[in-house]
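**Q** Construct the complete structure from the given sequences, taking the supplied hints into account.
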Amino acid sequence: MAKEKKLRIRGHRVVLNRSTGGDLGITLLLAVFGVFMFFPMYYVVIQSLKPLDELFMFPPKFYVINPTFDNFSDLFKLMGDSWVPFSRYIFNTVFITLCGTVGNLIFASMAAYALSKLHFPGRNAIFQLIVMSLMFHSTVNQVTHFIILSAFGWIDTYLSIIVPSMATTMGLYLMKQFMESSVPDTVLESARLDGASEFRTYLTIAMPMVKPAWMTLIIECFKTLWNTGASIYIHSEELKTFNYAINQIVSGGIARSGAGAAALVVMMLVPIIVFVLNQSQIVETMGSSGMKD
Amino acid sequence: MSQQTKAETKRPVQRSEMTKLQWTWKEIKRNKTAYFMIAPFMLLFIVFTVLPVLLSILLSFTDFNMLQMPGWQGLSNYTRLFLEDEIFLLACKNTLVFACITGPVSYLLSLLLAWFINELPPKLRAVVTLVFYAPSISGQVYLIWKTLFSSDSYGWVNATLINLGITSEAILYFEDANWVMGLCIVVALWTSLGTAFLSFIAGFQTIDRSMYEAASVDGIKNRWQELWYITLPTMRPQLMFGAVLAITQSFGFGAVVTNLCGFPSVDYAAHTIMHHLDDYGGQRYEIGYASAIAVILFVIMFACNILIKKALAKVGE
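These protein sequence lines map, in sequence, to chains A and B. Throughout the first sequence, residue numbering follows this note's numbering, covering 331 to 623 in sequence. Throughout the second sequence, residue numbering follows this note's numbering, covering 571 to 887 in sequence.
None of these hints come from the bench; they were simulated from the model. Every value quoted in this text rests on a predicted model; they were computed, and no experiment measured them. Where a beta carbon is used, it is the ideal one built from N, C-alpha and C, also for glycine. Just so you know, not all the hints are guaranteed correct.
Below, a list of computed lysine to aspartate or glutamate pairs in the EDC-like style, where the Cα atoms sit at most 16 Å apart [what the hints assert, rightly or not]: (1) Lys447(A) / Glu597(B); (2) Lys791(B) / Asp353(A); (3) Lys716(B) / Asp746(B); (4) Lys391(A) / Asp722(B); (5) Lys541(A) / Glu614(A).
Cβ-to-Cβ under 7 Å is the rule here; a few derived chain B residues that face chain A [what the hints assert, rightly or not]: (6) Met607; (7) Phe618; (8) Ser626; (9) Phe686; (10) Ala696; (11) Phe702; (12) Leu713.
The calculated label-pair distances, taken between Cβ atoms and stated as ranges, are [what the hints assert, rightly or not]: (13) Val620(B) / Ile485(A): 34 to 44 Å; (14) Ser349(A) / Val620(B): 45 to 55 Å; (15) Ile876(B) / Leu359(A): 29 to 39 Å; (16) Tyr488(A) / Val620(B): 18 to 28 Å; (17) Ile485(A) / Asp837(B): 28 to 38 Å; (18) Val620(B) / Phe388(A): 53 to 63 Å; (19) Lys596(B) / Ser417(A): 55 to 65 Å; (20) Ile420(A) / Glu656(B): 41 to 51 Å; (21) Pro538(A) / Glu656(B): 54 to 64 Å; (22) Met539(A) / Glu597(B): 23 to 33 Å; (23) Glu510(A) / Leu742(B): 47 to 57 Å; (24) Glu654(B) / Ser349(A): 55 to 65 Å; (25) Gln775(B) / Met539(A): 16 to 26 Å; (26) Ile436(A) / Lys596(B): 51 to 61 Å.
**A** Written as structure tokens, this is what we have:
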């Protein structure tokens, strides 16, 4: 009888093993961390909407009285005056991001298919190597990476950023794990029996089945490339990225603080929108991201 | 596949009749397509990831400086690092402090928050996930912390503290050796709820609910027992993946620190091995010496990964 009393209903579901005190504590903790995570993001947006007099107000307010888009138009004016036309920075970032992401999607998904569905000698060794590469941060490599790029003569070209990014292992890893768990071998087998080549099976059967993983790979690659900043591989002003230009504006000091905040808002909106549009698919892919030892 | 079966009926050689080498060679020929499919990726991966690592190890024993032919130096780069370079030792200390705090805290935070979020209704769950995940994909947005903690009239934190009467004058957070490290850790944590966090969220969602019902009958009393005995053991693969990412990430915050407190930071208070590497590799062009620094970082990262693997095997016992 005592057990009967403990049963709690939430929605249409019986909730087991949950105390009200625990629920309250968790909600409180979530709220505290939520504020910690959200406040700086919120503050950027507020700063970007403040008119000049409110920006100089002391003490600074965490809300805005007369919101205005002046900072955004200032930002674009500022961009117009810059040494290299600002559209060039945006073009560079979009170009690098697009090429790198598409290349990574093609190469990594082909490799993921082979690693997850074809049993060839050396498969495990290759996968182990890829898992090992996840264990260190790529900036450790940057010195020797630079030497290799300069041996190719790629320093100060788009290639120095685009080509290496096509072999990002995170996307490959996630896609391989997802293919393993969500593409049944029997489907592939019957396609092969119908006479489809291995490449055709990959393209027409496996790939459409792992669309959620495409999105995940795209955002993984996208967030790195979109945020590529003052790269040590690029010296020419006209090849530098949007992120680099934003950095210049943000570090430009007091007078540009409003425009700086506006720049940060522009910069963060794009990846956030890409994520929001694909959130459920990304979480679906992550369900199979686990590492078996 | 169909061609394969034909070939086998013509020449019925069993695996037991072949040497291991012959068998492997036959398998390699049979899987030609697989190698073609993996080739483009592997080629780039080897050139831009494997080769740099090998080259680092090789160059760490030389005095290469980009101009002259490298000369063999044996272990002298390493002895110089540990015996003569005081700033390196300071950087080691800072890196360990930084990584030992950001790594575990970010990991546990991701796990706990994902667990809490899992209890929310689906719509709210999506919104809260976004709030926590957004800083990690928004690139340079962490620069706003510089404005929040700035020492001039823009500094929201200083202004608030002075208004409340807690401090009497502005603190120079990013210029004070006592503050930079702590502040950088907070900002790093703020940006750290990334891929691992999403992986945990997904992991919690994929657990079969009937397991909890069974566990409840078996005498699991509260949510903590449920977490330790049921949820975490089922999520061990995700926990492993998250741990690898947390380690990688905790050693890779160099750029965040540089952008927040400049380079070098005040009194080298936030100088990490990554900065030291940057200093010698990117500015002084002592490539051999920088490579030795990189090799030490590799060793530390791999050691951490091995330790974590051992620790995670104990979850749920």
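**Q** A separate judgement is required for each hint: does it hold in the structure or not?
**A** So, going through the hints one by one against the coordinates:
1. Lys447(A) / Glu597(B): holds (15 Å)
2. Lys791(B) / Asp353(A): Since the Cα atoms of Lys791(B) and Asp353(A) sit roughly 15 Å apart, the hinted pair holds (cutoff 16 Å).
3. Lys716(B) / Asp746(B): holds (13 Å)
4. Lys391(A) / Asp722(B): This hinted pair holds, its Cα atoms lying about 14 Å apart.
5. Lys541(A) / Glu614(A): Within the cut-off at roughly 10 Å; holds.
6. Met607: holds (4 Å)
7. Phe618: Phe618(B) check passes; min Cβ-Cβ to chain A is 4 Å, inside 7 Å.
8. Ser626: holds (5 Å)
9. Phe686: For Phe686(B), the interface hint holds, since the closest Cβ of chain A sits about 5 Å away, which is under 7 Å.
10. Ala696: This hint holds: Ala696(B) lies near chain A, its Cβ roughly 6 Å from the closest one there, short of 7 Å.
11. Phe702: This interface hint holds because 5 Å falls under the 7 Å limit.
12. Leu713: Since chain A brings a Cβ to about 5 Å from Leu713(B), closer than 7 Å, the hint holds.
13. Val620(B) / Ile485(A): 34 to 44 Å: With a Cβ separation near 21 Å, Val620(B) and Ile485(A) fall outside 34 to 44 Å, so the hint is violated.
14. Ser349(A) / Val620(B): 45 to 55 Å: holds (52 Å)
15. Ile876(B) / Leu359(A): 29 to 39 Å: Roughly 32 Å apart at Cβ, these two residues keep to the hinted range, so it holds.
16. Tyr488(A) / Val620(B): 18 to 28 Å: Because 23 Å falls inside the window, the suggested range holds.
17. Ile485(A) / Asp837(B): 28 to 38 Å: holds (34 Å)
18. Val620(B) / Phe388(A): 53 to 63 Å: holds (55 Å)
19. Lys596(B) / Ser417(A): 55 to 65 Å: holds (57 Å)
20. Ile420(A) / Glu656(B): 41 to 51 Å: Roughly 45 Å apart at Cβ, these two residues keep to the hinted range, so it holds.
21. Pro538(A) / Glu656(B): 54 to 64 Å: holds (59 Å)
22. Met539(A) / Glu597(B): 23 to 33 Å: holds (26 Å)
23. Glu510(A) / Leu742(B): 47 to 57 Å: Because 53 Å falls inside the window, the suggested range holds.
24. Glu654(B) / Ser349(A): 55 to 65 Å: holds (59 Å)
25. Gln775(B) / Met539(A): 16 to 26 Å: holds (20 Å)
26. Ile436(A) / Lys596(B): 51 to 61 Å: violated (30 Å)
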